[in-house]
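S.K.: Take a look at the letters that make up each chain.
Number of protein chains: 2
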Amino acid sequence: MAKLSGFPEYSPRERIVEQAVLDHLRATFELHGFASVETRAVEPLEVLLRKGEIDKEVYGVRRLAGDGDADLALHFDLTVPFARYVTENAGTLDFPFRRYQIQKVWRGERPQQGRFREFTQADIDIVGRDTLPFHADVEVAQVMAEALGGLMGLVGGAGATLQISNRKVLEGFYLGLGLAEPAAVMQVVDKLDKVSADKVRSMLADIGVGEEQASAVLALAEIVTTDTSFVQRVEALGVEHELLAEGLGELAEVVGSLATPAGVTVTADLRIARGLDYYTGTVFETRLAGYESLGSICSGGRYEKLASDNRSTYPGVGISLGVSRFLAALLADGLSATRSVPSAVLVAVTDEQHRSEAAEAARALRARGIASEIAPSAAKFGKQIRHAERRGIPFVWFPGDPHTVKDIRSGEQVEADPSAWTPPAGDLRPQVLATPSSSTPSEEKQ
Amino acid sequence: MAKLSGFPEYSPRERIVEQAVLDHLRATFELHGFASVETRAVEPLEVLLRKGEIDKEVYGVRRLAGDGDADLALHFDLTVPFARYVTENAGTLDFPFRRYQIQKVWRGERPQQGRFREFTQADIDIVGRDTLPFHADVEVAQVMAEALGGLMGLVGGAGATLQISNRKVLEGFYLGLGLAEPAAVMQVVDKLDKVSADKVRSMLADIGVGEEQASAVLALAEIVTTDTSFVQRVEALGVEHELLAEGLGELAEVVGSLATPAGVTVTADLRIARGLDYYTGTVFETRLAGYESLGSICSGGRYEKLASDNRSTYPGVGISLGVSRFLAALLADGLSATRSVPSAVLVAVTDEQHRSEAAEAARALRARGIASEIAPSAAKFGKQIRHAERRGIPFVWFPGDPHTVKDIRSGEQVEADPSAWTPPAGDLRPQVLATPSSSTPSEEKQ
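Protein chains in written order, with the working numbering: chain A, 960 to 1405; chain B, 960 to 1405.
Chain A with its partners taken away, still in its complex shape (with noise of 0.2 Å):
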């Protein structure tokens, strides 16, 4: 049978690659506080479709038996199904609320590389009631930015940059322009990074905007820096608006403040304007060296209404990382990881007869946490090794008195007790191999 196109399913290697990535993700999150919250799968067809959003390609979801059932359709992101939910239990949630959410979601686009059918997606979002301090804006970038550099630390990526503008920086300069629709002016700009500048003058041009303008609107686009000098370079525009000179403080603030840690660049950068109508400050979004055609990997920013209920409306500010998007491209370059299961040692078994010695061996090495499994035929010594080396196991333990353990790597095989032997630390656990060729576009970008 042909697999699903679209639907991904890793090797057991691969998998520990996965499951280090979602460990190291989980564990950055809650280091900052960030409570776990999971919903469930379906949501009414009505809420997914709220927005407009028919063009996710939504999954509709209905009982083979079932008549009178209410429409569910799988979700096609996190955003919308934690706005529910924070709404369903305003009652009980402590605001300010900051959850990260790891799940799958569903969208049934074409496939294509890094655009996948079903997908994990990593959120942090906080979330406020009626009101949102400005510097929740700066704790979302440095939690992702954190996770960003030991993701690029994890899968010897080539650095990460997430580009950080604010809406409200592009809004004002418009106004201040004497553009009337800058929304309208926004949607063209955000498709600076898939036509030249000279088809945006034109769309610029189709839509009311004076050459003079448009140049103006292009040169802001053109603004990047890793500290807060791009206020100087909007100011030197010459255009002044009240709303602009608001975002450049909030931009700033951001900018200035973040600690970003190592293979993570952070940039102002003002050609970021995200598609989406409801942002309505900071807006994110996130390259990874070397995989510049997978688009932005790690996107946000600030909503004043995530969601309202009858008495209150809830501001929020949040970062969605596209886990599957990178981790697909990264794993197809040849990331991968020492075995492809958790035992460190495979603990050789003499005879069937004395299967319960290697059984006890085992205990007594779990019994300090060290993964083992064992051998499941008294075959020949030469073939229990084979079976630990195909799955990258490191070590053999051979049972008897006294027990002895075997390096398979280098061959040193040593006398050992299995309630006092450990392996050195690196062999512990699965470790993750960066793809051999994360040092190529690393010397390309630099």
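Because the hints were derived from the structure by calculation, they are not lab data. Accuracy of the hints is not assured; some may be wrong.
The list makes no distinction among identical chains, and a pair is therefore deemed to hold if it is satisfied within one copy or across any two copies.
[Said to hold, decoys possible] Below, in silico cross-link-like pairs of lysine to any residue (SDA-like), each with a Cα-Cα straight-line distance of 20 Å or less:
1. Lys1342 / Leu1202
2. Lys962 / Glu1047
3. Lys1158 / Glu1201
4. Lys962 / Met1162
5. Lys1063 / Pro1003
6. Lys1063 / Leu1290
7. Lys1158 / Asp1036
8. Lys1339 / Thr1363
9. Lys1342 / Gly1359
10. Lys1158 / Glu1047
11. Lys1153 / Asp1165
Chain B: place on chain A using the hints.
M.R.: Below, chain B without anything else, positioned relative to chain A:
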């Protein structure tokens, strides 16, 4: 909006309990060298319906914009997708293949206590190519017994009973009695935990089982032992058959060689038949003391043909824990966690101008693995302390010269260095708080 019946969602505090349970299961399975597999949520409808189990109330899945797509449906267990995964990847997997799989499954059953439409299962299976040694049956029983033992310790459960039987014992015994259709007899015996022995006797009569034979059938089903003494009790019934002898040998091997952890009782229980007809030898069920109405929370067995392709058959043995079922019951009885967030420390903010000092203290704590969050506003300290209290965060940190840290439970406040102070080990992470009632069912059962 009303919550969706059958699709439970946890509060952040309940989710911490669920994470602790899932972490424990994963750690146990990995300690025994089982590799993690995740399969996609959907399968082609034909794969799910192949076994004729439409009574599982399958959820169909279809793109709203989709025409001509394959008919897909959400998986209703993890065994059918795993069997498909094994044949699809048989060329690259190493056999015997030992995997665990912890994922959500969906069934459109009528929601009721302990029955959900979306729920989490934790499965382990060992699958061989063409052959699988019998000791694999012992191994999955041992691993799941350890998983259950740890769970009992974690949630304060009154104890789990792993009930083991063997279809060969039942089938051989019935054949030895001269009953030509043992499968039909087994299906009737399987109802013994739902209907009375008299009712079962009359149902046996309906399918042509004589009175004396029925008495023998019921006598066999009454045999429950915690050791291998069931063998003599069966032999005392005076029935002989080759298959019976083989089954008794197998069952004695499993029951006799398990090392049972605290909190778990293992029984040979000849009432256990498992209705499903693909089991061919060892079968497992599990009851939770005080929660007998949930039925079996953990079931499985040996199947000579988990899957097959053109070249091979794949025998397997596995066991599946219904995580949501028992967790929901315990949460309803008050199982909880010490806090609703991962944070061990809330860092107070003196005034907004000094927020960066709070961030620095938090960074120093996190650098040593201490989950910390920063107060969202520079409110009066009393209000900041209540912010911590509501979330169950045990410590509030006051940046300054010197820094101080307050245990808000005792009120004790001491000078401390953010780059050296550590909380007591029990406060570092949220802890599971056992159900208040957990001792009651325990006493009832003893």
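S.K.: Now, for every hint given, state plainly whether the structure supports it.
M.R.: Right, here's what the structure says about each hint:
1. Taking identical chains as interchangeable, the C-alpha atoms of Lys1342 and Leu1202 are never at most 20 Å apart, the minima being 72 Å within one chain and 33 Å between chains.
2. Proximity of Lys962 and Glu1047 under a CA criterion of 20 Å is satisfied inter-copy only: 8 Å between copies versus 38 Å inside one chain copy.
3. In this homomeric assembly, Lys1158 and Glu1201 never come within 20 Å of each other (Cα to Cα): the closest approach is 30 Å inside a single copy and 83 Å across copies.
4. When the C-alpha separation of Lys962 and Met1162 is checked against a cutoff of 20 Å, the pair qualifies neither within a copy, at 42 Å, nor between copies, at 46 Å.
5. In this assembly of identical chains, the alpha carbons of Lys1063 and Pro1003 lie at most 20 Å apart whether taken from the same copy (17 Å) or from different copies (19 Å).
6. Within a single copy, Lys1063 and Leu1290 get their C-alpha atoms as close as 18 Å, which meets the 20 Å cut-off; across copies the closest is 25 Å, which misses it.
7. For a Cα distance limit of 20 Å, the shortest separation of Lys1158 from Asp1036 qualifies neither inside one copy, at 31 Å, nor across copies, at 52 Å.
8. Proximity of Lys1339 to Thr1363 under the C-alpha cut-off of 20 Å is restricted to the intra-copy arrangement: shortest distance 16 Å within a copy versus 64 Å between copies.
9. Taking the shortest Cα distances, Lys1342 and Gly1359 sit within 20 Å of each other inside one copy (19 Å), while across copies they are farther apart (64 Å).
10. Taking the shortest Cα distances, Lys1158 and Glu1047 never come within 20 Å of each other, neither inside one copy (45 Å) nor across copies (47 Å).
11. Taking the shortest alpha-carbon separations for Lys1153 and Asp1165, only the intra-copy value of 18 Å comes in at or below 20 Å, while the best inter-copy value is 74 Å.
Checked against the numbered hints above, the structure breaks hints 1, 3, 4, 7 and 10 and satisfies the rest.
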